[in-house]
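Build out the structure end to end from the sequences listed, making use of the hints.
Residue numbers (full-length UniProt numbering): 1 to 264.
Source of the hints: derived by calculation from the structure; they are not laboratory data. Watch out, some of these pointers could steer you wrong.
Think about it this way: if two alpha-carbon atoms lie no more than 25 Å apart in a straight line, the pair counts; the simulated DMTMM-like pairs of lysine to aspartate or glutamate are [stated by the list, open to error]:
id, residue 1, residue 2
1, K116, D186
2, K120, E231
3, K71, D220
4, K71, E237
5, K248, D198
6, K64, E206
7, K248, E82
8, K114, D151
What follows is a set of in silico ranges between Cβ atoms, one per label pair, in the way DEER data are often shown [unchecked claim]:
id, residue 1, residue 2, range
9, E206, P86, 25 to 35 Å
10, A211, G160, 37 to 47 Å
11, T215, L169, 29 to 39 Å
12, E82, G57, 30 to 40 Å
13, P86, V50, 19 to 29 Å
14, F207, D162, 31 to 41 Å
Predicted, not measured: the structure shown is a model, and the values here were computed from it. The C-beta atom is built at its ideal place from N, Cα and C for all residues, glycine as well.
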Amino acid sequence: MRIIRIKCRAILIACVVATLTACAGSGANIRSEIPPRHSISELRDEPFAVVYDPWEGFNRHMYKFDFYFDKYLFLPAVRGYEFVTPVFLQDRISNFYNNLAEVRNFTNNVFQLKGKESAKTLGRFLTNSTIGLGGLFDPASKLGLERSYQDFGKTLGYWGVDSGPYLVLPIFGPSSVRDTGGLMVDSGITYGIYTLVDPFRGADNEFAITAGLETLNAIDTRHQQSFRYYESGFPFEYYMVRFIYHEKREIESGKAGKDKANQQ
1 MRIIRIKCRA
11 ILIACVVATL
21 TACAGSGANI
31 RSEIPPRHSI
41 SELRDEPFAV
51 VYDPWEGFNR
61 HMYKFDFYFD
71 KYLFLPAVRG
81 YEFVTPVFLQ
91 DRISNFYNNL
101 AEVRNFTNNV
111 FQLKGKESAK
121 TLGRFLTNST
131 IGLGGLFDPA
141 SKLGLERSYQ
151 DFGKTLGYWG
161 VDSGPYLVLP
171 IFGPSSVRDT
181 GGLMVDSGIT
191 YGIYTLVDPF
201 RGADNEFAIT
211 AGLETLNAID
221 TRHQQSFRYY
231 ESGFPFEYYM
241 VRFIYHEKRE
251 IESGKAGKDK
261 ANQQ
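Here you go:
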């Protein structure tokens, strides 16, 4: 029964995402500003009303902040980056940062005691870091070493930690109490590893170089995401985004729990 429920959730999310993507791609009903707020009472019988959101007032304000930050600061920077940077170079930059993210994927596979996935992720990182010229290219995927996306939020879910209340973070967007804690742990591990390695230690402009690389990383991350606030044409976008995020993470946690059960 649980497997059927998970499959139904996955199908529903896929349909919703396809609808939102089609609306965004066609440009239909695209809003330049925030549409009027709708009451949850209008959605009383809809599945997205069941997500635990005790801080909805705060989350709505933060969602609005993220919209304005995205529209007037983040996306203009991304468009400028895309305008001046050839597509070939954009792909190389994305591959480089995606390769660095394998460190997070690897550590969380280890935390989940997934030996096979840990070995595969380590193989991806070593292959792309060497044959792939420092991660600029992705020969590992062609060799059958597919990326295993992991984070500490999934690790907590793997070990049975509940997602907790829904939470919208500044700039980062939709999250939960569990995933926010996971984000902090992942950031701490990444910072610790970088501090240990610190390839620019002793450089004259160490701070400027580090800040520039972090800024480029943020711009590239947004560049790789197709989501745009309030471009879905859906009048209840806040609830829809909340539902999709929650259900996606629940499905991923459920899959992780199933993998754990199979290992026992």
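Consistency of the hints with the structure:
Under the criterion of a C-alpha separation no larger than 25 Å, the hint pairing K116 with D186 is consistent with the structure, at around 21 Å. With a C-alpha separation of about 38 Å, the suggested pairing of K120 with E231 is violated against the 25 Å cut-off. Under the criterion of a C-alpha separation no larger than 25 Å, the hint pairing K71 with D220 is consistent with the structure, at around 16 Å. Simply put, K71 and E237 have alpha-carbon atoms about 16 Å apart, close enough for the 25 Å limit, and the pair holds.
Taken as a hint, the K248 and D198 pair is broken in the structure, with Cα atoms around 35 Å apart against an allowance of 25 Å. Between the alpha carbons of K64 and E206 the distance comes to roughly 35 Å, so the proposed pair goes past 25 Å and is violated. Only pairs whose Cα atoms come within 25 Å are accepted, and K248 paired with E82 is rejected, the gap being roughly 29 Å. Straight-line distance between C-alpha atoms of K114 and D151 comes to about 13 Å, which keeps the hinted pair within the 25 Å bound.
Taking the beta carbon of each, E206 and P86 are about 28 Å apart, inside 25 to 35 Å as hinted. Between A211 and G160, the C-beta spacing of about 39 Å keeps the proposed range 37 to 47 Å intact. A beta carbon spacing of about 19 Å between T215 and L169 contradicts the range 29 to 39 Å that was offered as a hint. Under the hint 30 to 40 Å, the C-beta atoms of E82 and G57, about 36 Å apart, fit the expected range.
Taking the beta carbon of each, P86 and V50 are about 46 Å apart, not inside 19 to 29 Å as hinted. Between F207 and D162 the beta carbon distance is about 40 Å. The supplied range of 31 to 41 Å therefore holds.
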